[in-house]
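Chains as they are written, first to last, in the working numbering: chain Z, 1 to 78; chain D, 1 to 264.
Honestly, the hints are just simulated from the structure, not real lab data.
Please note that the accuracy of each hint is not assured.
Listing some non-contacts, in silico: residues in chain D with all C-beta distances to chain Z over 12 Å [said to hold, decoys possible]: (1) N13; (2) C25; (3) T31; (4) S52; (5) N71; (6) I74; (7) I78; (8) E81; (9) E100; (10) P126; (11) N141; (12) G142; (13) E208; (14) Y231; (15) Q238.
To give a feel for the contact side, a few chain Z residues facing chain D, derived at Cβ under 10 Å [stated by the list, open to error]: (16) Y24; (17) L25; (18) I26; (19) I29; (20) I33; (21) Y34; (22) F43; (23) F48; (24) L51; (25) Y52; (26) Q54.
From a predicted model like this one, the values you see are computed outputs, not experimental measurements.
Heads up, the beta-carbon is just placed ideally off N, CA and C, and yes, glycines get one too.
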Amino acid sequence: MNLKRVIIDVLIFISILTLPWWLYLILLISLTIYFQFYLEVLFFGFLFDTLYGQNHIGLIISVVFLGLVMFAKERIRT
Amino acid sequence: MNFPLKSKFRDGNKLKTIFVAVFFCLLFLLTYFFPQGVKNVFYFVSRPVFASRNFVANSVKNKIGYFAFKNDLIKKNIQLEDELTSYKLKEIDYNIVLKENEELKNLMGRSGTSNKVLSKILSKPPISPYDVFLIDVGLSNGFAKGDKVYLSGNIIIGTIVLVTTKTSLITLFSNGGQRQEATNTRTGTTYELTGRGGMNFQLEVPKEADIILGDVFEYPLLSPSIIGSVYYIDTNSQSSFKTIFLKIPGNVFSSKWVFVEKSQ
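Chain Z with its partners taken away, still in its complex shape (with noise of 0.2 Å):
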């Protein structure tokens, strides 16, 4: 597995805990653009619920952004 992909997991998971939520927002959807399959989106989507959310709203939109930026990148030439 890529260190530099495990690394940027783990600061992410830090940042969930740590920062505010908007800015971990815009590095999570930085990293869905940036990475070809960014999986681990739908894991923080799901801490988020968990440690702040009463619902599944974190992982819903996680799972329907990903979603998009597949279809999207499917239809981009490169």
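On the provided structure of chain Z, position chain D as indicated by the hints.
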């Protein structure tokens, strides 16, 4: 004809889509069947990080004050501001207690004992979204869902909505869209306040309603518990209604501690 590139992408994407769907279902089922277990695990892992964050934040704050220009003045200013805030809260508490004392004397025989416990805030806005707080007491301390949370002796701010072994999640009454009944202490009329986020409430009433600037609204309990006070009234000459804006007294977001009242 040359299509293989596109076909390859689609095959890969199908696999990824299945992967996403499976992972999503797995996480969803995990929270559905073991909500308490999952929360306990995450809070257990997060507690050291929350504690370290608070420690680092305090240290950095102190260091910045030390190196700052005219740091003595700054320190003194901060100290005086803290004292002033504390006195303001005490003044509100004092007035409430005085009024409560009079009311209790009139009632004769009714007593309202409270069982409040001090609790440290682990996470608060803007780290957590909405008007949500995470505190360091839970089931092991005898707290349960629905227990009331106070900023100081008589300023009520919200209730516990989720509780795990050692942590609890609080939602403020000012959480966006949340509705809460409150009584105007001056007139005794009860209204339904709507949370607007960031310690603010909104209330729409007919123009004739007797609400003035500075009016205090309290939670419907035997012991007076302030929810908020009126800081702005928006009156439009073309409308038959006026919008009242209220705010929780004191600054919840700069507080490090809250009081949680155990259910009787």
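Cross-check of the supplied hints:
For D:N13, the shortest C-beta to C-beta distance to chain Z comes to about 5 Å, within the 12 Å cut-off, and the non-interface label is violated. Taking the minimum C-beta to C-beta distance to chain Z, about 10 Å, the non-interface status of D:C25 is violated against the 12 Å cut. Residue placement check: D:T31 does not keep its beta carbon more than 12 Å from all beta carbons of chain Z (closest about 7 Å). A cut-off of 12 Å between C-beta atoms contradicts the statement that D:S52 is not in contact with chain Z; the least separation is 8 Å.
Even its closest Cβ contact with chain Z, about 26 Å, leaves D:N71 beyond 12 Å, as expected for a residue assigned away from the interface. With a least beta-carbon separation of about 24 Å from chain Z, D:I74 lies farther than 12 Å from that chain, consistent with its non-interface assignment. Taking the minimum C-beta to C-beta distance to chain Z, about 22 Å, the non-interface status of D:I78 holds against the 12 Å cut. Interface exclusion of D:E81 from chain Z stands, the closest Cβ pair being 23 Å apart, more than 12 Å.
Every CB of chain Z lies more than 12 Å from the CB of D:E100, the least distance being 33 Å, so the non-interface label holds. A cut-off of 12 Å between C-beta atoms contradicts the statement that D:P126 is not in contact with chain Z; the least separation is 4 Å. Non-interface call for D:N141 relative to chain Z: holds, since the shortest CB-CB distance, roughly 20 Å, exceeds 12 Å. Here D:G142 stays apart from chain Z, with its beta-carbon at least about 22 Å from theirs, past the 12 Å limit.
Non-interface status of D:E208 relative to chain Z is upheld: no Cβ of that chain comes within 12 Å, the nearest being about 38 Å off. Consistency note on D:Y231: stated as away from chain Z, and its beta-carbon is indeed over 12 Å from all of that chain's, at 25 Å minimum. Every C-beta of chain Z lies more than 12 Å from that of D:Q238, the closest at about 37 Å, which supports listing it as non-interface. Interface hint status for Z:Y24: upheld, as the beta-carbon distance to the closest one in chain D is roughly 9 Å, under 10 Å.
At about 9 Å, the closest approach between the beta carbon of Z:L25 and any beta carbon in chain D falls short of 10 Å, and the interface hint on this residue holds. A distance limit of 10 Å between C-beta atoms decides the matter here; for Z:I26 the minimum to chain D is near 13 Å, and the interface restraint is violated. Given hint, Z:I29 at the interface with chain D, is violated; its Cβ is 15 Å from that chain's nearest Cβ, farther than 10 Å. Contact between Z:I33 and chain D, as hinted, is not supported at the beta carbon level, the nearest pair being about 15 Å apart and thus beyond 10 Å.
Below 10 Å, beta-carbon pairs count as interface contacts, and Z:Y34 has none with chain D, the closest being about 16 Å; its hint is therefore violated. The interface hint given for Z:F43 holds, since its Cβ lies 7 Å from the closest Cβ of chain D, which is under the 10 Å cut-off. A distance limit of 10 Å between C-beta atoms decides the matter here; for Z:F48 the minimum to chain D is near 8 Å, and the interface restraint holds. The criterion of a C-beta within 10 Å of any C-beta in chain D is met by Z:L51, whose closest approach is roughly 6 Å, and the hint holds.
This hint holds: Z:Y52 has a C-beta 4 Å from the nearest C-beta of chain D, less than the 10 Å allowed. Taking 10 Å as the C-beta cut-off, the interface hint given for Z:Q54 holds, the closest approach to chain D being about 6 Å.
Against the hints set out earlier in the document, violations occur for numbers 1, 2, 3, 4, 10, 18, 19, 20, 21.
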